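Protein chains in written order, with my numbering: chain E, 22 to 336; chain W, 203 to 281.
Everything labelled a hint here was simulated from the structure, so no lab data went into it.
Computed from a predicted structure; not experimentally measured.
Among these hints, one or two may not hold up.
Derived EDC-like pairs: lysine to aspartate or glutamate, alpha-carbon spacing no greater than 16 Å straight-line [said to hold, decoys possible]:
no., chain 1, residue 1, chain 2, residue 2
1, E, K213, W, D217
2, E, K83, E, E307
3, W, K265, E, D226
Here are the simulated distance ranges between beta carbons [stated by the list, open to error]:
no., chain 1, residue 1, chain 2, residue 2, range
4, E, P240, W, N232, 31 to 39 Å
5, E, P110, W, E226, 54 to 62 Å
6, W, D240, E, E193, 53 to 61 Å
7, E, Q210, W, K265, 13 to 21 Å
8, E, G121, W, E218, 23 to 31 Å
9, W, V234, E, D70, 57 to 65 Å
10, W, Q206, E, T257, 40 to 48 Å
11, E, E193, W, Q263, 52 to 60 Å
12, E, P313, W, D235, 44 to 52 Å
13, E, P240, W, Q206, 27 to 35 Å
14, W, D266, E, Q210, 18 to 26 Å
15, W, G256, E, R248, 54 to 62 Å
16, W, D261, E, V48, 19 to 27 Å
Using N, Cα and C, we set each Cβ at its ideal position, and we do this for glycine too.
Listed here are the chains, written in short residue letters.
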Amino acid sequence: MTGAKILAFGGYQPDKVVTNDDLAKIVDTSDEWIRARVGIESRRVAADDETVTDMAEAAGAKALAASGLAPSAIDLVIVATCSPLVPMPSVSAIVAHRLGIVAPGAFDLNAACAGFCYAMGTASNAIAAGSARNVLVIGSEKMTSWVDWTDRSTCIIFADGAGAAVLGPSDEGEPTGIGPVVWGSAGDQGNKITVTGRTGSMRQDGQAVFRWATTAMAPVALEACRRAGVTPADITAFVPHQANLRIVEAIARRLGIPRERVADDIVHAGNTSSASIPLALSRMAEQGRLQPGTPALLIGFGAGLSYAAQVVTVP
Amino acid sequence: MTDQEILAGLAEIIDEIAGVPADEVTPEKNFVDDLDIDSLSMVEIAVAAQDKFGVEIPDEQLKDLKTVQDVVNFVSKNS
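Required output: the full structure, derived from the provided sequences and hints.
Take a look at the structure:
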């Protein structure tokens with residue numbers, strides 16, 4: 022059976038920067054409070070007419086260019102998102118068309134903040150099964166479209182952006198570059214993170230989610246390492262969903278992964294749900310913080326509650 | 203486990219999570235007012251306390267535990 026590997030990453034952030042001081046003008050909060058509780062200094066917010074599809078296209082174009090593949094080489098496009106403007110047509114089919122990818126398999130996937138890792142697992146499995154050769158995987162979110170700007174517990178956290186990865190088959194005799202996905206859900210806690218209706222807004226039981234994420238996710242991450250045949254000490258980059266810097270740090274501490282190996286993209290990106298992991302990866306790649314050929318550990322978690330983790334080889 | 207042992211274990215946890223030196227963690231201290239520990243750190247402390255003492259401190263209970271002595275009493279009563 023053929024393995025899969027990551028060929029390249031790409032990221033996109035909207036131009037508009039919203040600082041903590043900007044938010045302090047509209048809700049009762051402060052720069053100091055936000056930094057202390059969630060670790061965010063600023064975030065990006067999409068323009069009114071900028072959609073999940075637009076951002077997915079921008080990130081996808083960058084990843085595709087970086088991969089060196091022609092659009093015609095892509096035969097599957099998966100977009101993880103929970104904030105598309107409309108439920109149909111899918112974001113993925115439109116993005117593929119805009120990028121000049123002709124007649125690929127295309128579908129959107131919603132596992133909220135865990136979406137990117139679900140999509141990576143699905144893409145890797147499709148390559149291994151022979152259902153696809155090269156796959157464009159994108160996480161794209163306009164979370165601010167779900168934000169109630171009077172709710173200070175959520176409006177300080179969520180933001181917009183997109184990230185992408187291009188996956189292809191491993192070379193003959195080369196070990197797979199995408200380890201087995203460890204995924205799961207806890208629907209009994211489905212009420213902890215919700216959108217209240219089609220025209221509603223996001224609500225989150227922050228303390229309960231914090232407890233769940235800081236206790237239940239480290240074992241999932243360890244299982245992903247075990248199935249990939251590595252230990253946390255081997256991990257050169259730990260890229261958890263950028264939910265809250267304190268959650269990121271708490272999970273890293275439990276895994277014993279030193280801070281310099283841990284993604285902290287949330288500081289200037291905010292929580293972009295399914296986009297946060299590929300956005301962090303693309304920035305870390307740009308900054309030279311990723312070591313090609315070494316194992317990186319990804320874990321997404323969020324509404325559902327749902328989660329997924331895998332170890333990948335850095336391209 | 204004696205209250206002294208629980209207090210010593212709790213002080214270690216608070217030092218690790220919130221960076222408060224163990225000798226400052228005395229029974230009468232209020233987490234918020236005296237030790238400058240916020241609600242998220244309290245959750246982390248509760249989780250670490252569960253690992254260390256085998257006593258679960260649910261969120262509903264946690265909000266009523268205002269002082270170091272409150273936590274020592276809770277752990278002592280439920281262990």
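Verification of the hints:
no.	hint	in the structure
1	E:K213 - W:D217	violated (30 Å)
2	E:K83 - E:E307	holds (12 Å)
3	W:K265 - E:D226	holds (15 Å)
4	E:P240 - W:N232: 31 to 39 Å	holds (33 Å)
5	E:P110 - W:E226: 54 to 62 Å	holds (60 Å)
6	W:D240 - E:E193: 53 to 61 Å	holds (54 Å)
7	E:Q210 - W:K265: 13 to 21 Å	holds (19 Å)
8	E:G121 - W:E218: 23 to 31 Å	violated (53 Å)
9	W:V234 - E:D70: 57 to 65 Å	violated (44 Å)
10	W:Q206 - E:T257: 40 to 48 Å	holds (43 Å)
11	E:E193 - W:Q263: 52 to 60 Å	holds (58 Å)
12	E:P313 - W:D235: 44 to 52 Å	holds (50 Å)
13	E:P240 - W:Q206: 27 to 35 Å	holds (32 Å)
14	W:D266 - E:Q210: 18 to 26 Å	holds (23 Å)
15	W:G256 - E:R248: 54 to 62 Å	violated (29 Å)
16	W:D261 - E:V48: 19 to 27 Å	holds (24 Å)
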